[in-house]
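Undergrad: Respectively, the protein sequence lines represent chains P and S. Residue numbers for the first sequence follow the numbering used here, beginning at 4 and rising by one. Residue numbers for the second sequence follow the numbering used here, beginning at 7 and rising by one.
Don't read these hints as lab results, they were simulated from the structure. Fair warning: there could be bad hints in the mix.
[Unchecked claim] Not everything, but these chain P residues come out facing chain S in the computed CB check (under 7 Å):
| # | residue |
| --- | --- |
| 1 | Ser627 |
| 2 | Gly672 |
| 3 | Thr676 |
| 4 | Gly695 |
| 5 | Gly715 |
| 6 | Phe716 |
| 7 | Val717 |
| 8 | Gly720 |
[Unchecked claim] The list that follows gives simulated cross-link-like pairs (lysine-lysine, DSSO-like), each with its CA atoms no further than 27 Å apart:
| # | chain 1 | residue 1 | chain 2 | residue 2 |
| --- | --- | --- | --- | --- |
| 9 | P | Lys685 | P | Lys752 |
| 10 | P | Lys713 | S | Lys71 |
| 11 | S | Lys11 | P | Lys136 |
| 12 | P | Lys728 | P | Lys763 |
| 13 | S | Lys71 | P | Lys727 |
| 14 | P | Lys136 | P | Lys505 |
| 15 | P | Lys711 | P | Lys807 |
| 16 | P | Lys667 | S | Lys71 |
| 17 | P | Lys685 | P | Lys645 |
| 18 | P | Lys752 | P | Lys780 |
| 19 | P | Lys713 | P | Lys763 |
| 20 | P | Lys667 | P | Lys711 |
| 21 | P | Lys130 | P | Lys514 |
| 22 | P | Lys780 | P | Lys763 |
| 23 | P | Lys30 | S | Lys11 |
| 24 | P | Lys780 | P | Lys711 |
| 25 | P | Lys685 | P | Lys514 |
| 26 | S | Lys11 | S | Lys71 |
| 27 | S | Lys106 | P | Lys713 |
| 28 | P | Lys711 | S | Lys106 |
By construction, the Cβ of each residue, glycine as well, lies at the ideal position given by its N, Cα and C atoms.
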Amino acid sequence: MRVYLQLTVLALLPVLCSACFYQAERKTAFGRLPYGVKQALYGLVFGLVAVCNTEFGVPIDGAVVNVRDAAPLCAGLLFGAPAGILAGFIGGVERYFAVFWGAGAYTQLACSIATVLAGLFGSILRKFVFENKKPTWYYGLAVGLIMETLHMLMIFFTNVSDVRTAFGYVQTCTVPMLVSNSLSVMCALLIVSALGKEKHQKPREKRNISQTFQRWLLACILVAFCATGIFTYAMQTKVSESETDSLLSLNLEDVRQDISDASDENLLSITREVAALLEREPNADNARLAEIAEDMDVAEINVIDENGVIVKGTNPSFWNYDMASGEQSREFLTLLDGAREYVQSYQPTSSDASVWRKYAGVALSGGGFVQVGYDAAHFQEDIDRQVVGATRNRHVGESGSLIICNEDQIIVSDRGGGEGLSLSEIGLQADAMSVPEGVRFSAEVHGTPSYCMYVTGEGYRIIAVLPQSEAVFTRDMSVYILVFMEVLIFAALFLLIYVLIKRLIVDNIRKINRSLAKITGGNLNEVVDVRSNAEFASLSDDINSTVTTLKRYIAEASARIDRELEYAKVIQYAALPQVFPPYPDRTELDIYASMDAAKEVGGDFYDFFLLGEDRLAFLIADVSGKGIPAAMFMMTSKTLIKGLAEAGHTPDEILTLANAELYKNNDAGMFVTAWLGILNLKTGALEYANAGHNPPLVRRNGRFDFLKGKGGFVLAGLENTQYKKNTLDLQPGDGIFLYTDGVTEAEDKAEHLYGSERLKALLQANSDDLARVLCEKVRADVDAFAGGAPQFDDITTLYLRFLKRKEDGHAGTNTGCNDRKY
Amino acid sequence: MTIRKQEENARRTLTLTGRLDTVTAPQLEAEIFDNAENITELVLDFRDLEYISSAGLRVLLAAQKRFAQTGGVTILDPNETVMEVFEMTGFADILTIERKAG
Chain P
4 MRVYLQLTVL ALLPVLCSAC FYQAERKTAF GRLPYGVKQA LYGLVFGLVA VCNTEFGVPI
64 DGAVVNVRDA APLCAGLLFG APAGILAGFI GGVERYFAVF WGAGAYTQLA CSIATVLAGL
124 FGSILRKFVF ENKKPTWYYG LAVGLIMETL HMLMIFFTNV SDVRTAFGYV QTCTVPMLVS
184 NSLSVMCALL IVSALGKEKH QKPREKRNIS QTFQRWLLAC ILVAFCATGI FTYAMQTKVS
244 ESETDSLLSL NLEDVRQDIS DASDENLLSI TREVAALLER EPNADNARLA EIAEDMDVAE
304 INVIDENGVI VKGTNPSFWN YDMASGEQSR EFLTLLDGAR EYVQSYQPTS SDASVWRKYA
364 GVALSGGGFV QVGYDAAHFQ EDIDRQVVGA TRNRHVGESG SLIICNEDQI IVSDRGGGEG
424 LSLSEIGLQA DAMSVPEGVR FSAEVHGTPS YCMYVTGEGY RIIAVLPQSE AVFTRDMSVY
484 ILVFMEVLIF AALFLLIYVL IKRLIVDNIR KINRSLAKIT GGNLNEVVDV RSNAEFASLS
544 DDINSTVTTL KRYIAEASAR IDRELEYAKV IQYAALPQVF PPYPDRTELD IYASMDAAKE
604 VGGDFYDFFL LGEDRLAFLI ADVSGKGIPA AMFMMTSKTL IKGLAEAGHT PDEILTLANA
664 ELYKNNDAGM FVTAWLGILN LKTGALEYAN AGHNPPLVRR NGRFDFLKGK GGFVLAGLEN
724 TQYKKNTLDL QPGDGIFLYT DGVTEAEDKA EHLYGSERLK ALLQANSDDL ARVLCEKVRA
784 DVDAFAGGAP QFDDITTLYL RFLKRKEDGH AGTNTGCNDR KY
Chain S
7 MTIRKQEENA RRTLTLTGRL DTVTAPQLEA EIFDNAENIT ELVLDFRDLE YISSAGLRVL
67 LAAQKRFAQT GGVTILDPNE TVMEVFEMTG FADILTIERK AG
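Just chain P, with the same shape it has in the complex (with noise of 0.2 Å):
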């Protein structure tokens, strides 16, 4: 328990780092450090923390499990190459000189260079493949797993010559380690993109090019991984069980070679003894053999002669028995051909099959020869001590060891310390050894589970034992380095299918998406040219043609509608007034207006007309927007209040009349501000209404002043507007200048405004000037005042002076003066 806690602990560090880190850096004056000093900081915190973890690692099984490689691996991924590199270092030549006091030296290399590379792993994945984002959290999870397998890797790899320990630590180490690292890191990246709310990898609707292919390779490589998993498991218990099986019978067969030498030696000495004795009393009787054979302690003594029959011996019923006459005896007719020594293995009489004996013969000088035959229980008496001798230093391949019992199961020799005891009490059942003979079953041999094997020999049964953990350890770590280097594999596959898609297709596409903004954009001579290969080559040549096809439809289009817009601009002036004078025979009055759209078509409008003989009507506006639509409302405003003026109501009631009838009909939401006056010649008294238009300047007594006074809101805005009639007395000689916006809002190249006080200041430097002459003044001077600035509205004014009060009963059929100018 305490364990899994101070592993928890130690896995928290790095995500506990991660997450201040973070916020200081966006909330605190941490964020403003120079960039070098933030990433040394980086470096040196995460560096600390990996020296944490070596020097803090969690002992399981004789091994020290740590998160030593999340640091780096952190600093790199989250805060930058210089962070990972360094923490990496930190914690890497800390944990090689940490062995000097107290750190495991047998991984010493292994930690050390998987602790440089977990910095530089993290490190190179920011730059090269997250781009500088933060990557999301299950890259973390696979990051994690890549280094961790890396380094168990590394510890074989740095002991190649003692492969059976490194696997020791490899196998404690693995599950710890993986988990505890690539869950320290996932959760760094989980709480970071928390604390941020960051999108770090762009949220994307459809999965890229590189995202497909990945998930392709991954669920074939799963498949391929399986497969290569089960098959290499599968061989390799078949290698492993046959190696066993090998093992364990060419010990035995040492053994119980060993054995029957040490009982044919013994049995052996004893004939050459009986011989010796029966050579110097050639006629011992059958009562001299049996006390030699109670004195040598041996069940039977028999004398045959050179015809292979037994003439005397210790039992009566084989006398007269011809050697010849059993399978067993008959081998031992190879005496009488001048072989001077036989020896037999234990094994059942040919007079008795239930009796097993072991038996010996020796040549005697006159002719024939003499058989000792005696029992188990005799020979094993004298050859004990030499059985154990054989078997108790020998090892069966590393741990294996063998196990000797006698006919009643009792143990006569074992390492463990079994001797005395029955096979049953070490755990070799009887059941489990019902098995025939040099064949392999299992066991669980003073509490391992192991292989054993027997076979049987001189009356013992001798047991090989090798422990399971020792026969499948082969295959183990060939299925763990399998898994490990799959693992590699695949992130090296993964990692190039990326680069490869990124180099051959997404920036090849990314140059292409880029002209074709460019294209987009207006930029019609933009030459799309990726020629990295055949495909792209195609393709670019493809989108020029395009471009050019485009081009030329443009253009032909383009042709079209500037002629267009032109007709649009001829009749748009066509339906304002355009002739000046326009009442050649009206003394009363001097009218010039005059408008000059920014583009063909503006919005802007002005009209007058005479209302009977003794009014005039004059108006100014301004329809928001500009071009074609702004265009057809100016039509339909102007057509409306002329109509209205003429039906004969008040300015007000035109305005307002107009008002509810342009809102209907105004789905594009547009509008227009006006100001409409009707002068009635014969009293010089001005009615008007402003719907929301610039204030005229008006000329009185010699002085132009802005008609303040509070307007109404534009025309086509509000359903229900309600305009107000104001009035106003003209004496002969005052005027009235109208003008729209884009007139006191002319811009110079530093984007000043005109503004309305130079406009009268203007004016009133030129009063004295004719309609026509001011309003070519005001266009110069703004034009002036521009400085070739670009014209961006409609530039319209319009100025009435009136002349004189006109007279009852005849019109002014003389031309005056000023008329006769234009």
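Chain S: place on chain P using the hints.
TA: Structure of chain S alone, referenced to chain P:
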């Protein structure tokens, strides 16, 4: 022109800097109307707005129509130039305009 956007419950506040004219009006239009299903109140901070043209007024009119039934459109601190335009065109009467005292 730059527009800074803040949202608080059903109130959307846009802070405008620069010039609101034919070129930039569509940008403001998008900021006002995009994803505005749950917005009932619109506040436009005009403290740093230098200039407004009729295209800008058109957007304000559309916004006023859209939010009239709920919280309406509030204009904060328009400068003299902009205020003159509002007064001249009558927009001062239909919009809620809040100017800093003094």
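Undergrad: Now look at each hint and say whether the structure bears it out.
TA: Each hint, compared with the structure:
{"no.": "1", "hint": "Ser627", "in the structure": "4 Å, holds"}
{"no.": "2", "hint": "Gly672", "in the structure": "5 Å, holds"}
{"no.": "3", "hint": "Thr676", "in the structure": "6 Å, holds"}
{"no.": "4", "hint": "Gly695", "in the structure": "4 Å, holds"}
{"no.": "5", "hint": "Gly715", "in the structure": "6 Å, holds"}
{"no.": "6", "hint": "Phe716", "in the structure": "3 Å, holds"}
{"no.": "7", "hint": "Val717", "in the structure": "5 Å, holds"}
{"no.": "8", "hint": "Gly720", "in the structure": "5 Å, holds"}
{"no.": "9", "hint": "P:Lys685 / P:Lys752", "in the structure": "47 Å, violated"}
{"no.": "10", "hint": "P:Lys713 / S:Lys71", "in the structure": "23 Å, holds"}
{"no.": "11", "hint": "S:Lys11 / P:Lys136", "in the structure": "25 Å, holds"}
{"no.": "12", "hint": "P:Lys728 / P:Lys763", "in the structure": "25 Å, holds"}
{"no.": "13", "hint": "S:Lys71 / P:Lys727", "in the structure": "23 Å, holds"}
{"no.": "14", "hint": "P:Lys136 / P:Lys505", "in the structure": "16 Å, holds"}
{"no.": "15", "hint": "P:Lys711 / P:Lys807", "in the structure": "25 Å, holds"}
{"no.": "16", "hint": "P:Lys667 / S:Lys71", "in the structure": "14 Å, holds"}
{"no.": "17", "hint": "P:Lys685 / P:Lys645", "in the structure": "21 Å, holds"}
{"no.": "18", "hint": "P:Lys752 / P:Lys780", "in the structure": "21 Å, holds"}
{"no.": "19", "hint": "P:Lys713 / P:Lys763", "in the structure": "19 Å, holds"}
{"no.": "20", "hint": "P:Lys667 / P:Lys711", "in the structure": "30 Å, violated"}
{"no.": "21", "hint": "P:Lys130 / P:Lys514", "in the structure": "21 Å, holds"}
{"no.": "22", "hint": "P:Lys780 / P:Lys763", "in the structure": "12 Å, holds"}
{"no.": "23", "hint": "P:Lys30 / S:Lys11", "in the structure": "21 Å, holds"}
{"no.": "24", "hint": "P:Lys780 / P:Lys711", "in the structure": "24 Å, holds"}
{"no.": "25", "hint": "P:Lys685 / P:Lys514", "in the structure": "75 Å, violated"}
{"no.": "26", "hint": "S:Lys11 / S:Lys71", "in the structure": "21 Å, holds"}
{"no.": "27", "hint": "S:Lys106 / P:Lys713", "in the structure": "23 Å, holds"}
{"no.": "28", "hint": "P:Lys711 / S:Lys106", "in the structure": "25 Å, holds"}
Checked against the numbered hints above, the structure breaks hints 9, 20 and 25 and satisfies the rest.
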